[in-house]
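Listed in order, the protein sequences are those of chains D and X.
Using numbering that gives the first Met the number 0, you'd call the opening residue of the first sequence number 0 and step up by one each time.
Using numbering that gives the first Met the number 0, you'd call the opening residue of the second sequence number 0 and step up by one each time.
Keep in mind the hints are simulated off the structure, nothing from the lab.
Do not take every clue at face value.
Listed next, the stretches of chain D that the computed footprint assigns to chain X, with coverage defined by at least 3 CB atoms under 8 Å from CB atoms of chain X [unchecked claim]:
{"#": "1", "segment": "22-32"}
{"#": "2", "segment": "58-70"}
{"#": "3", "segment": "132-141"}
No more than 20 Å apart at the CA atoms, straight line, and that leaves these computed lysine to aspartate or glutamate pairs for DMTMM-like [claimed, not checked]:
{"#": "4", "chain 1": "X", "residue 1": "K442", "chain 2": "X", "residue 2": "D135"}
{"#": "5", "chain 1": "D", "residue 1": "K73", "chain 2": "X", "residue 2": "E189"}
{"#": "6", "chain 1": "X", "residue 1": "K134", "chain 2": "D", "residue 2": "E19"}
The beta carbon of each residue, even a glycine, is placed where N, CA and C say it ideally should be.
So the chains spell out like this:
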Amino acid sequence: MNPQSEQAKQHTISVLVDNEAGVLARVVGLFSGRGYNIESLTVAEVDPENARSRITIVTSGTPMIIEQIKAQLKRLVPVHKVSDLTTDGPHVSRELALIKVIGSDEKRVESLRIADIFRARAVDSTDKSFVFEIVGDTGKVDAFIKLMEKIGLAEVSRTGVVAIARGSEGI
Amino acid sequence: MANKLLNGSQIVLKALIDQGVEEIFGYPGGAVLPLYDEIFKQNKLRHILVRQEGGAVHAAEGYARSTGKVGVVLVTSGPGATNAVTGLTDALMDSIPVVCFTGQVPTHLIGNDAFQEADTTGITRPCTKHNYLVKDINDLARVIHEAFHVARSGRPGPVVVDLPKDILMGQGHYAPPTRAGHKSYRPQIEGDTDQIKKAVALMASAKRPLFYCGGGVINSGPEASRLLKTLVRMTGYPCTLTLMGLGAYPASDKQFLGMLGMHGTYEANLAMHDCDVMINIGARFDDRVTGRLTDFSPGSTKIHIDIDPSSINKNVPVDVPIIGDVAHVLKKMLAVWKTENAKPDAEALKAWWRQIGKWRRRDCLHYAADSKVIKPQHAIQRLYEATKKNDDVFITTEVGQHQMWAAQFFKFEKPNHWMTSGGLGTMGYGLPAAMGVQIAHPKALVVDIAGEASIMMNIQEMSTIAQYRLPVKVFILNNHYMGMVRQWQELLHGGRYSETYMAALPDFVKLAEAFGAVGLRATRPDQLDSVIEEMLGTDKAVIADIHVDKMENCFPMIPSGAAHNEMLFASVDEGGPVSEEGMVLV
């Protein structure tokens, strides 16, 4: 078996860590040092009482690489838990994006119409621009941005993916 | 808290003593002055003053590897810390427990580009198992105890504790070591019983089994080597060791096939290639061991015992992974073997040994003897013969041809007696490492088998050796070349010896004398034994400059990117084929 020939696949990995100085650098350094991809990264404290943060990483690789990434993450001293949401069962993932669109007349109306379909909200407005807020999985956000390109997409800011397993089980 | 206030430096020393530290290797400087002042005021802890911080870390590695204890280093901020980086990386690659204390500028100056400031935790993050910057004196004692725990447990490794000067001078409370487990770091020690049962069944069913064991056995402690010996003897299976594992199984035993890998023996590598059940104990399928991965032991079912889950399936997919400490797993394995009344297939095993016997008869380590020039292999053989009656011989090496020849020709019967830079391949490792070993074992014979190029990389430590009157023996195989690089140039680059000739070498005899040591030289085979004898009979440090054949190459050899069954041998195959792909892997 040639491990390299296996198909690379996207995985969403949640990492529960101590919220201490340098912990994000450890995680990011591990990815860059070993040549793994980071497609999306989010981090925030989720348990202030125990000073724990949750890092959500979207990465891709062959099953052997993904296994290696998880093992390497678990090896870091301030890491409490590593969970591969992609393989551990169904999960929900969401991104939030703020999207600035510039245009006038018909394009302006069209942008509002599309925003309505995507359940995006206008959170800022001037006579020639909107800032839309959209929440959804990566595919939905991508699709919305693509449509806005034709109308007058000016700027995008995305949070990156946050994700959680479905059901009553915790990480 | 009832205990009285101490300053930060006192807390550090108290923590070290509570951790059982007796010796530390270091070099003072501005940021660690308060700590050195406390060292001055006490007698429990002995400080060994090295001549460069890189030497301190290698010395601590030698100390750690020969004792099984944690090696401790103390250096100052900025250049002190950056000089330590090579040693830390070396310790990380070879899984050696080291705790390195680095000075740091006061916390309020961090980030200001202050004098001798470096982002030590940033720089050392990828080359340590873990590191700490202490920002609150009340964390100081806990962090130090934790650092020792992290360094020595699980898969051992180097840990850095960065100590800002104001923390060292501030006042705080000491906290003794606790037995409470770490909140997130919990290495798995016990192997899974079901997996062990599966492994035993597989082992018993094997027709062509092979034990492939590495540094993990040594790191697990002497008990692991003892258990390994019992298991190998009980099964009657052949055993090979990695460079890091030498000494884990007695080299003189008839079931030992020698070292495997790039410069391993023919029988070990072919046994790896042809085995049907591979029992990897504490080795990590390093590229110098596996050769071309796609052709690595293609027909075998693989059992892999390792304490580090990230070693499993990293390079080579395995069939029965067992995560745990070698000694714990072997103990269970032996018990299961007995209770299941497992029996090896005697008939198949006989045929397997017959095959191995054929490979052995290839006499792969053979070299052409010479009456005019000293063959480097011969020099090591004579050194081994002259020291083998001595019960406690510690060998360190630098990196290169001499290292491989030492691994091939010196026979190690016990663990913890062989110190070499395996993973990182750090030239300049051997002399400071020997110094660390000698500090730990003042009465023992410690020999650094060196090359004339490597020895120059940390030659300044001869001064440390002089200061502490350490009777370290430096046995230089002097061929006037960076031999291993020259060998590759010969094989791969048309013999264009670009920058590998060691011009303007010092007179090593005079150099020894300049450092207060004894200098000896052998240039002809008939001088070799008397020089060795004189070296061993001297109770001072010795540099023995052994002039060896300049063009000798280290064989057998699996060229980079080749498979185990594509070995090159001394006489017939010089200048054998190396693929383009292989050239990249050098």
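Tell me, which hint numbers fail for this structure?
3, 4
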